[in-house]
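Protein chains in written order, with full-length UniProt numbering: chain D, 1 to 404; chain R, 1 to 404; chain S, 1 to 404; chain C, 1 to 404.
The set of hints was computed from the structure by calculation and includes no laboratory data. It is possible that some hints are incorrect.
[What the hints assert, rightly or not] Here are the computed lysine-lysine pairs in the DSS-like style, where the Cα-Cα straight-line distance is at most 27 Å:
1. S:K299 with D:K76
2. D:K397 with D:K109
3. R:K277 with D:K299
4. C:K372 with R:K232
5. C:K273 with S:K256
6. R:K396 with R:K315
7. R:K273 with D:K6
8. S:K396 with R:K76
9. D:K312 with S:K372
10. R:K312 with R:K299
11. S:K397 with C:K6
12. C:K396 with R:K202
13. D:K225 with S:K372
14. R:K306 with D:K256
15. D:K263 with R:K306
16. S:K299 with C:K256
17. R:K372 with R:K112
18. R:K109 with D:K256
19. S:K6 with R:K372
20. S:K6 with R:K202
21. S:K6 with S:K232
22. S:K372 with D:K232
23. S:K202 with R:K6
24. S:K225 with D:K202
25. C:K109 with R:K202
26. S:K277 with C:K277
27. S:K6 with C:K263
28. S:K372 with R:K6
29. D:K312 with R:K273
30. C:K6 with S:K225
31. D:K76 with C:K6
Fair warning: this is a prediction, and the values are worked out from it, not measured in the lab.
There are 4 protein chains.
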Amino acid sequence: MAYVRKIINDPVYGFITIDHPLIFEIISHPYYQRLRRIHQMAFASLVYPGAVHTRLHHSLGAYHLMGLALTELRNKGVEITKDEEIGAKIAILLHDIGHGPFSHALERKLIKGVHHEDISVLILQLLNEQLNGQLQTAIEIFSGTYPKQFLHQLVSGQLDVDRMDYLTRDSFFTGVSEGVIGYDRILKMLVVHDGELMIEEKAIYSVEKFLVARRLMYWQVYLHKTVVAAEKMLVRIIERANELIAAGIEMEMASKNLDFFLKQHQPEDNFIKHLEKFTQLDDSDVMCTIKNWCGHVDKVLSRLCKGLVERKLLKIRFQPEPFDPLLVATLKADVAQRLNISEEEASYFVFTGEAVNTMYNPYDEHIKVLFKEGGVTDISRVDNALIHQQLSSAVKKYYLCYLR
Amino acid sequence: MAYVRKIINDPVYGFITIDHPLIFEIISHPYYQRLRRIHQMAFASLVYPGAVHTRLHHSLGAYHLMGLALTELRNKGVEITKDEEIGAKIAILLHDIGHGPFSHALERKLIKGVHHEDISVLILQLLNEQLNGQLQTAIEIFSGTYPKQFLHQLVSGQLDVDRMDYLTRDSFFTGVSEGVIGYDRILKMLVVHDGELMIEEKAIYSVEKFLVARRLMYWQVYLHKTVVAAEKMLVRIIERANELIAAGIEMEMASKNLDFFLKQHQPEDNFIKHLEKFTQLDDSDVMCTIKNWCGHVDKVLSRLCKGLVERKLLKIRFQPEPFDPLLVATLKADVAQRLNISEEEASYFVFTGEAVNTMYNPYDEHIKVLFKEGGVTDISRVDNALIHQQLSSAVKKYYLCYLR
Amino acid sequence: MAYVRKIINDPVYGFITIDHPLIFEIISHPYYQRLRRIHQMAFASLVYPGAVHTRLHHSLGAYHLMGLALTELRNKGVEITKDEEIGAKIAILLHDIGHGPFSHALERKLIKGVHHEDISVLILQLLNEQLNGQLQTAIEIFSGTYPKQFLHQLVSGQLDVDRMDYLTRDSFFTGVSEGVIGYDRILKMLVVHDGELMIEEKAIYSVEKFLVARRLMYWQVYLHKTVVAAEKMLVRIIERANELIAAGIEMEMASKNLDFFLKQHQPEDNFIKHLEKFTQLDDSDVMCTIKNWCGHVDKVLSRLCKGLVERKLLKIRFQPEPFDPLLVATLKADVAQRLNISEEEASYFVFTGEAVNTMYNPYDEHIKVLFKEGGVTDISRVDNALIHQQLSSAVKKYYLCYLR
Amino acid sequence: MAYVRKIINDPVYGFITIDHPLIFEIISHPYYQRLRRIHQMAFASLVYPGAVHTRLHHSLGAYHLMGLALTELRNKGVEITKDEEIGAKIAILLHDIGHGPFSHALERKLIKGVHHEDISVLILQLLNEQLNGQLQTAIEIFSGTYPKQFLHQLVSGQLDVDRMDYLTRDSFFTGVSEGVIGYDRILKMLVVHDGELMIEEKAIYSVEKFLVARRLMYWQVYLHKTVVAAEKMLVRIIERANELIAAGIEMEMASKNLDFFLKQHQPEDNFIKHLEKFTQLDDSDVMCTIKNWCGHVDKVLSRLCKGLVERKLLKIRFQPEPFDPLLVATLKADVAQRLNISEEEASYFVFTGEAVNTMYNPYDEHIKVLFKEGGVTDISRVDNALIHQQLSSAVKKYYLCYLR
């Protein structure tokens with residue numbers, strides 16, 4: 001194959017360069033191209049109309065940052081072979097390959113009983129076979145079994161390029177400028193010490209800023225009331241559909257593949273058998289199906305679908321403590337009466353749950369700071385740390401969704 | 001209804017403000033919300049992965065610019081009543097309401113025999129009925145029958161806010177920084193003279209820049225080879241589907257609405273009857289259907305669909321003169337043999353056409369410059385005009401699509 | 001006077017509009033024009049080469065934000081008369097008018113015994129006389145005596161447009177993207193309650209982000225080691241010059257005005273008499289004079305001056321506790337020997353001091369949050385506040401400057 | 001010397017990296033540091049307040065682009081040795097080292113009879129001596145005598161990184177967004193063919209855009225009426241000062257160095273003798289001196305100086321044909337009478353001249369396009385060229401300055 005270097009315009013970073021045939025082959029593969037049709041932020045665009053970017057775009061961006069990170073580390077004397085470079089780049093390119101449509105919202109709902117990271121591993125293995133084992137290093141880096149641990153940490157860790165890209169990209173496309181992180185500065189401050197990824201002392205403020213930006217993005221965007229309401233409606237829709245299917249009611253899916261996963265696929269199935277079908281699912285199957293269901297005879301289903309399609313969403317309230325069950329019951333009774341449905345059915349329109357956001361968890365994740373003098377300290381323990389004990393514990397909010 | 005001012009984050013302009021109940025009502029209407037599911041740039045995202053913004057986002061942006069333009073003109077002493085302001089804002093909000101899925105590509109193909117602007121008018125009228133005649137001024141401004149002509153020119157003219165937004169927004173989301181126009185400067189230089197929209201003398205260079213940016217966006221983005229190839233494949237797919245339908249072959253559509261327009265709707269129909277169905281169509285119907293057809297028994301259809309879905313596109317070449325018919329015939333014969341199909345069928349994979357881009361047409365469109373001393377001159381006739389005779393005539397390129 | 005609306009290009013906000021004759025007159029006044037020749041960030045450009053913007057540019061920016069803030073408040077029903085609007089705009093335009101050259105560094109050194117805010121008041125009064133009392137409201141707002149307290153808080157308070165502009169502008173021109181604050185979002189969330197400026201509940205995260213960005217800008221930019229070293233050298237230069245002048249040594253100043261302030265002006269003088277001379281001083285007097293002194297016979301003076309001009313700065317170290325006096329003494333002795341000067345003179349090259357940064361001081365400054373339900377809470381006391389007790393107390397670092 | 005890689009924040013490009021000791025040494029040299037005190041755009045900041053960036057910042061930016069350009073060319077297989085890389089980087093870093101204060105305005109006025117490029121060569125040679133011949137390659141590349149011609153063309157040519165940086169940087173700091181060029185895209189499209197720098201075919205629209213942006217920047221910024229008026233006033237001030245000096249009138253300069261060049265330096269001098277003095281001159285000498293002259297007894301001098309300092313500029317008009325001598329004479333007579341000065345003196349306040357801007361000159365400069373098929377064509381001769389014959393000839397405007 002006559003190989004040509006490829007340059008891709010990216011409004012976030014300017015240009016992204018593809019300069020290796022294997023990378024090019026992976027990007028051209030239908031499995032990867034499918035990510036074009038899966039939105040990175042699901043229904044966030046109902047609040048932030050610009051947030052319609054795709055998982056393909058995000059993973060290209062993370063790939064770009066991986067290249068910058070590896071170049072920086074090499075400039076600092078860290079040994080990274082060409083094979084490791086390509087491996088790390090492929091690992092990050094494919095880190096989200098197992099996401100299904102509306103992934104975070106529908107995780108384990110649409111594809112019952114399988115986690116997207118497990119699907120990613122399956123697809124990586126399948127691709128590895130197709131490409132004659134060229135993905136071996138990528139798979140090891142992705143899974144964390146590769147000896148140089150810092151490569152895995154760049155793919156998945158507190159300061160991985162996945163987070164750096166999605167925070168940068170999501171704040172860019174939503175227009176929430178406060179979510180901007182100084183990704184380029186953090187990248188320039190990465191070091192490897194004792195085989196682990198750390199940051200230089202002078203990046204402390206940048207990393208604090210990064211964590212604060214993440215916190216802000218969670219409450220202002222990812223867990224925005226309206227976004228949560230829409231995602232919960234989607235979950236309720238699939239749950240209702242499953243119920244109706246179980247009851248033998250006729251359901252018109254937009255595609256055979258979605259039909260299969262809703263009607264036939266079982267959690268106990270060996271998922272490998274269905275991988276081919278899975279790699280053909282995307283947001284359009286779900287969205288078009290929901291549009292079909294707007295006219296369904298089941299009042300619960302059609303009302304939820306119509307609400308989501310027309311952006312007539314359930315109301316939602318957040319509060320620090322659980323909601324009074326009496327209030328919930330009253331609201332349910334009211335809806336049951338208004339819509340002339342059972343109270344059980346009313347629970348599709350009135351329900352509660354929890355939204356959790358941890359700013360920084362010093363127990364199971366770490367950002368280590370390498371001091372000039374040589375010491376290593378966790379970022380939550382440096383002098384005048386912004387990320388103090390209290391903040392680093394999870395913040396939980398309770399929500400109540402209801403039909404007004 | 002307790003009215004609340006609404007602020008929408010926009011990565012392009014920062015914030016867009018909705019501060020009038022009627023505007024709010026229109027934006028909340030399902031007809032308008034449908035535009036969330038129609039991409040502004042169809043398949044341009046196959047080349048520019050960021051270009052996945054929607055017609056809803058574009059029309060909100062144009063609405064924002066309309067507000068700025070009206071404020072500027074008022075500051076300069078132009079009388080604009082509150083009713084006219086709201087009318088002009090609604091007219092621009094809804095200027096694209098008649099677009100169907102993949103609009104420019106499928107214009108007159110999917111919805112046979114009806115132009116999107118005519119559909120826009122029908123929807124405007126329907127909305128007007130639903131909203132008790134509150135859209136009367138908007139409709140007159142949209143149609144050009146409102147006495148103050150400059151309001152129509154802001155909606156549709158050489159310097160309308162539609163173009164200003166789409167050039168700005170498309171260059172933003174594609175990341176093609178050369179497409180940037182100084183929309184804010186041009187807006188500040190707008191004037192009304194003899195009832196017509198013009199620009200002040202000192203905006204000449206900005207407007208020239210605007211026209212050059214448009215020219216660049218056309219060749220680099222809108223008529224980018226790969227984008228054209230994908231759009232032509234889509235057209236071919238619909239044409240083949242129509243052929244198969246006419247031949248009575250079974251076709252699996254993703255939705256009943258799309259099924260209706262492909263199978264039953266006729267150009268001679270009174271389109272008003274089908275308006276409700278039309279307002280439920282969007283890109284997902286088409287995309288999901290094309291995915292369904294990837295497994296169709298018809299080799300031509302399935303191959304084209306699979307190619308589009310997996311981004312294995314037809315090759316395309318541009319040249320200034322028509323392609324040699326012999327070359328085309330040879331390519332067709334070759335494809336027919338390779339795919340074991342008829343030469344007629346091969347013409348779905350090998351075909352030619354024209355792409356045209358006019359930089360500025362001094363005959364049927366005008367940008368008038370108002371000089372300080374009071375004279376009015378067309379921009380193509382000012383001293384040292386960049387936009388000279390030759391350029392202002394249409395530039396035509398011929399393309400040849402073929403299967404490699 | 002034929003008045004013309006004036007539009008000024010600003011890379012930060014796009015355009016700044018001057019649309020009132022009085023504002024125009026003030027901006028055209030030589031007192032205001034002098035701010036063109038005073039850098040906003042003194043020697044920060046030695047580290048951040050883009051940071052050469054001027055106090056004129058900053059005050060124009062703050063004026064722009066004032067306009068936005070007032071418009072927002074009016075839209076929310078806060079009554080602000082035209083006179084108050086112009087008054088608040090003038091107050092912010094002139095809030096820094098009393099700054100002398102290299103202001104923060106040379107405060108009370110160059111202009112002995114007078115604080116820049118007092119000079120601002122004197123100049124405001126002088127201008128008020130020249131403009132027939134048209135600045136009366138502006139002066140009251142500036143001084144905090146105007147009844148509507150929120151107007152003063154917009155000029156000078158925790159959320160004033162001064163800070164919003166300088167953080168935005170300084171992060172823009174330095175290129176420290178982490179300093180970006182969402183000024184536009186905060187402006188849209190301002191409210192007036194009980195006559196005081198507050199923020200809406202949903203701006204909590206934005207304001208936290210603003211405070212964190214400020215903390216970062218302090219440590220990364222304003223108190224950057226190299227910047228502090230340069231500013232301390234400048235202070236030492238002026239101190240040495242005063243010493244030499246007192247000793248009757250001949251000194252070549254670049255201008256008569258600077259000559260006057262260094263040689264004749266006394267703290268006990270009535271400053272009003274010298275206002276005219278003061279309004280002719282700017283950075284060029286100081287910089288050109290320092291260049292002249294590079295060849296001065298006094299070794300201490302010339303060495304410091306040459307070091308500053310050629311960017312051969314003193315070394316500087318920061319630490320959380322005071323420096324060991326023995327270390328300081330040893331360094332001094334070493335310098336005295338190397339340069340063949342007295343130990344007293346060596347203290348111009350070896351000295352210590354403190355840099356202090358308070359993130360948020362809940363005792364003498366407040367950011368009040370107005371909750372939807374009506375309650376008012378300080379930002380440091382909301383649920384899960386980022387700005388906790390410890391952080392809100394001052395953070396002090398000690399520095400040691402020395403000649404290597 | 002323990003060498004440390006240095007990263008410089010740049011608001012335009014993000015970060016600029018210094019990673020070679022020789023580059024570091026040159027940047028640290030006082031000759032280079034002087035460029036901090038020379039504004040890139042002289043008096044443009046009187047119109048565009050953000051345009052206060054320095055020649056140091058511009059040359060750092062051009063150095064950064066040079067690095068990108070060389071990397072691109074190497075990736076395309078062009079051989080560039082490490083020595084050539086460093087040479088080209090030094091050549092561009094120092095390309096403006098010979099600029100005096102307010103360079104373009106005062107060229108040959110302040111430093112009589114010597115062109116800034118000749119001074120650059122002298123300083124390069126002096127530095128080369130100081131640095132033991134390490135600048136040999138840089139000097140050859142700068143002068144165009146180095147065999148690989150494309151390296152010189154990157155320093156000085158139609159598509160050199162000097163222009164790319166100054167257009168990008170000047171449009172950034174002025175806030176004139178229409179001046180934005182896609183420098184990154186053009187850099188990626190550079191090729192070397194037959195030893196010469198060219199662009200790939202697909203960069204044609206980007207380069208056209210670059211030329212149009214340049215044209216716009218000329219008329220809207222560099223030759224903006226107010227900017228020209230200020231620069232002409234500065235020239236008149238120096239001319240008047242020379243006249244007064246020749247007449248033996250006492251003049252108070254801010255510095256001895258400026259005093260020398262105004263009073264003693266002669267065009268026929270061997271300039272090398274004065275190089276040391278020259279390298280100490282900067283904008284502050286001139287600005288502080290002009291401030292001193294505001295109180296000069298000579299009415300012509302003091303009035304011009306005060307006008308420039310207080311931004312009370314001469315009026316200026318542009319027109320395509322020369323101004324009527326009768327009009328000029330009338331204006332002069334009027335000024336002579338009003339100010340009670342001679343008509344000869346009045347010519348300091350009333351004068352005419354020409355401003356010229358060539359968009360693209362196909363005779364003595366070339367942008368060559370390398371076509372895929374291998375041919376080479378000048379950009380003015382490609383199909384549908386925007387840069388046609390008429391535009392490529394110089395555009396001349398006449399100006400008239402006068403005191404209102």
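Hint check results:
1. S:K299 with D:K76: Distance ~41 Å between S:K299 and D:K76 Cα, so the pair is violated.
2. D:K397 with D:K109: holds (23 Å)
3. R:K277 with D:K299: holds (20 Å)
4. C:K372 with R:K232: Holds. C:K372 to R:K232 sits at ~25 Å (cutoff 27 Å).
5. C:K273 with S:K256: violated (31 Å)
6. R:K396 with R:K315: Holds, at about 19 Å.
7. R:K273 with D:K6: violated (49 Å)
8. S:K396 with R:K76: violated (54 Å)
9. D:K312 with S:K372: holds (23 Å)
10. R:K312 with R:K299: holds (15 Å)
11. S:K397 with C:K6: Holds - the C-alpha atoms of C:K6 and S:K397 are around 25 Å apart, at most 27 Å.
12. C:K396 with R:K202: holds (17 Å)
13. D:K225 with S:K372: holds (15 Å)
14. R:K306 with D:K256: Between R:K306 and D:K256 the Cα gap is close to 16 Å, so the pair holds against 27 Å.
15. D:K263 with R:K306: holds (25 Å)
16. S:K299 with C:K256: holds (19 Å)
17. R:K372 with R:K112: Not satisfied, since the Cα-Cα distance of roughly 50 Å exceeds 27 Å.
18. R:K109 with D:K256: holds (26 Å)
19. S:K6 with R:K372: With Cα atoms ~16 Å apart, S:K6 and R:K372 stay inside 27 Å; holds.
20. S:K6 with R:K202: At roughly 13 Å apart (the allowed maximum being 27 Å), R:K202 and S:K6 satisfy the hint.
21. S:K6 with S:K232: violated (40 Å)
22. S:K372 with D:K232: holds (25 Å)
23. S:K202 with R:K6: Status holds; Cα separation ~13 Å.
24. S:K225 with D:K202: Satisfied, since the Cα-Cα distance of roughly 12 Å is no more than 27 Å.
25. C:K109 with R:K202: violated (32 Å)
26. S:K277 with C:K277: Judged against 27 Å, a Cα distance of about 30 Å means the pair is violated.
27. S:K6 with C:K263: violated (42 Å)
28. S:K372 with R:K6: holds (16 Å)
29. D:K312 with R:K273: holds (26 Å)
30. C:K6 with S:K225: holds (15 Å)
31. D:K76 with C:K6: holds (12 Å)
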